[in-house]
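Residue-level listing of the chains:
2 protein chains.
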Amino acid sequence: MPLYEKISIIGLGLIGSSLARAIKENNIAGALIGFDENPDHNKVVNDLALVDLIAADLVSAVKDADLVILATPVGAYSSIAEIIGDHLKAGATLSDVGSIKAAVFDMINPHISSDVHLIPAHPVAGTEQSGPKAGFSSLFHDRWAILTPPEGADQGTIDKLSKFWQAVGSNVEIMEPKHHDKVLAITSHVPHLIAYNIVGTARDLEEVTKSEVIKFSAGGFRDFTRIAASNPTMWRDVFLNNKEAVLEMLGRFSEDLTALQRAIRWEDGDALYDIFEKTRRIRQQIIDAGQEEDVADFGRHQDE
Amino acid sequence: MPLYEKISIIGLGLIGSSLARAIKENNIAGALIGFDENPDHNKVVNDLALVDLIAADLVSAVKDADLVILATPVGAYSSIAEIIGDHLKAGATLSDVGSIKAAVFDMINPHISSDVHLIPAHPVAGTEQSGPKAGFSSLFHDRWAILTPPEGADQGTIDKLSKFWQAVGSNVEIMEPKHHDKVLAITSHVPHLIAYNIVGTARDLEEVTKSEVIKFSAGGFRDFTRIAASNPTMWRDVFLNNKEAVLEMLGRFSEDLTALQRAIRWEDGDALYDIFEKTRRIRQQIIDAGQEEDVADFGRHQDE
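Read top to bottom, the protein sequences are chains A and B. The numbering used here numbers the first residue of the first sequence as 82 and each following residue consecutively. The numbering used here numbers the first residue of the second sequence as 82 and each following residue consecutively.
Excised from the complex, chain A in its bound form (with noise of 0.2 Å):
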């Protein structure tokens, strides 16, 4: 038997298709439901099958449905929630896959009816591409799903959502939707907005051209321009609401450089050695958690 009844899927991108599949593959779903506002991404999921269905519009696509999930940038959710709110089954669960979770409820709460289960989730895992041809079924295998339930949350529905992400690869934390933020504003939303920044830098000098940053890029750089060639939209929304913690971090990572500065200025190589000494574990202890592939390179030799 399915785990849910009729699961809809609002948004059909790398996620939200890779979500699907997944759902498809493990027969998590006696229905699945799919719509996306641009009909190209509808096409593809549709010609792919990837869901049983392409619903007409919003409406349509969550009528009916146990579980709706938002896998739309956040930026949409309160225009989404506005329209859906109503046409939502009462005791249905509304979840989503997006990076932030504190402002999550704030821009659906004001829209749904109190018997409608608001049970917030992301999914830590993606690439750099976009689209929903990108997907693929495996994305969430080993990654960790952090589900962020309000206060008072039915735990029923908590363990069943639960039961969901495990059905699709990955491992449940249950998190505080503020400690999330915060969590996630140094392993993510800090490094992706450094990566663009580096390369935005990159692009603007004068006396090195952008071929020579493009020829001479295997020194370090291109690792960086993985995740700055992100989905621009998702990750505007990311940083429009996460302000505070991305802020923070922000912050003590310039204090952090400021000092590595002033040690390559007053040539301290014992300062210098020392942090680079440090931060030379952390990598084999991801390794060890699972959450990397043990290969030099990033593997990119593997085939020579």
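It cannot be assumed that every hint is accurate.
[What the hints assert, rightly or not] Derived lysine to any residue pairs resembling SDA-like cross-links, with alpha carbons at most 20 Å apart:
no.	chain 1	residue 1	chain 2	residue 2
1	A	K124	A	A215
2	A	K259	A	E232
3	B	K144	B	D167
4	A	K324	B	S335
5	B	K324	A	A215
6	B	K214	A	E374
7	A	K214	B	G380
8	B	K291	A	A344
9	B	K359	A	L321
10	B	K105	B	L84
11	B	K359	A	R362
12	B	K259	A	R346
13	A	K291	B	K144
14	A	K291	B	Q365
15	B	K291	A	E329
16	B	K214	A	H382
17	A	K291	B	K359
18	A	K324	B	G380
19	A	K259	B	D355
20	B	K214	A	R381
21	A	K324	B	E348
22	A	K324	B	G350
23	B	K124	B	I135
24	A	K291	B	E358
25	A	K214	B	D375
26	B	K324	A	A344
27	A	K291	B	A370
28	B	K144	B	I109
29	A	K324	B	T339
30	A	K291	B	V253
31	B	K324	A	D349
32	B	K324	A	K214
Treat the hints as calculated values from the structure; they're not laboratory data.
Chain A is fixed; fit chain B onto it per the hints.
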């Protein structure tokens, strides 16, 4: 006929041992001599038969060599040059593989006679791993080797060293030393510094535990840990010897980051989108230039 009668490699870590493998594989040397001040490295290289002979000391290592390549951290160049300077063969080529180039002349020139050709070089290649076991012969394939000959250097010597790097699979670029240091400051040195810094910042947080940073690193952070796992001695020496260019690029980076920070604080979504959109294209250009593989997420999901 081998390109050089006798080649000596001083320093048998990741780069030196990879070069030894590539020289052997492509029959570039009549005889290949190696030496490392670390006896463990010498033993590994000897056991793997990566060179014809491990020398007993620096002086005997360079005796009669037509090409001597320094593959140690650049901080050791000066003291090595002092020891080997008087023992280099007249007409020999002295080169290196260091990541900084302008400072090489000051470190080496005082110790060598005018009949030795100093042609510094920098293969823009590497992994986050260290030591002779981590090396492999294809490390330099399709990467750029940058030669930075001094003004008035012998053209035949430059051409022969270019052939050497081509023989191990690299493309060769001739560059003015100071320009090299600026290009690499932005494509390699500052990216490494930023990576070391964000990993350090994450480690030092109070509210977010190290275990959380490790668990949720797939959101982007783990990409940064790769280059922050690189050889700390090598990188300390890079920053101490490319101070001027690194500080300049770092100044630009910080200025740009402050602008991004301000856009977040004032919720200027258009400015954020604009920056995030522009940086996206540069990765495709790096892929098109053959300096990155065209797979999502560094191919992390390829086996699934």
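- prompt: Quick check: which numbered hints come out false for this structure?
  reply: Hints 5, 8, 11, 13, 18, 19 and 32 not satisfied by this model.
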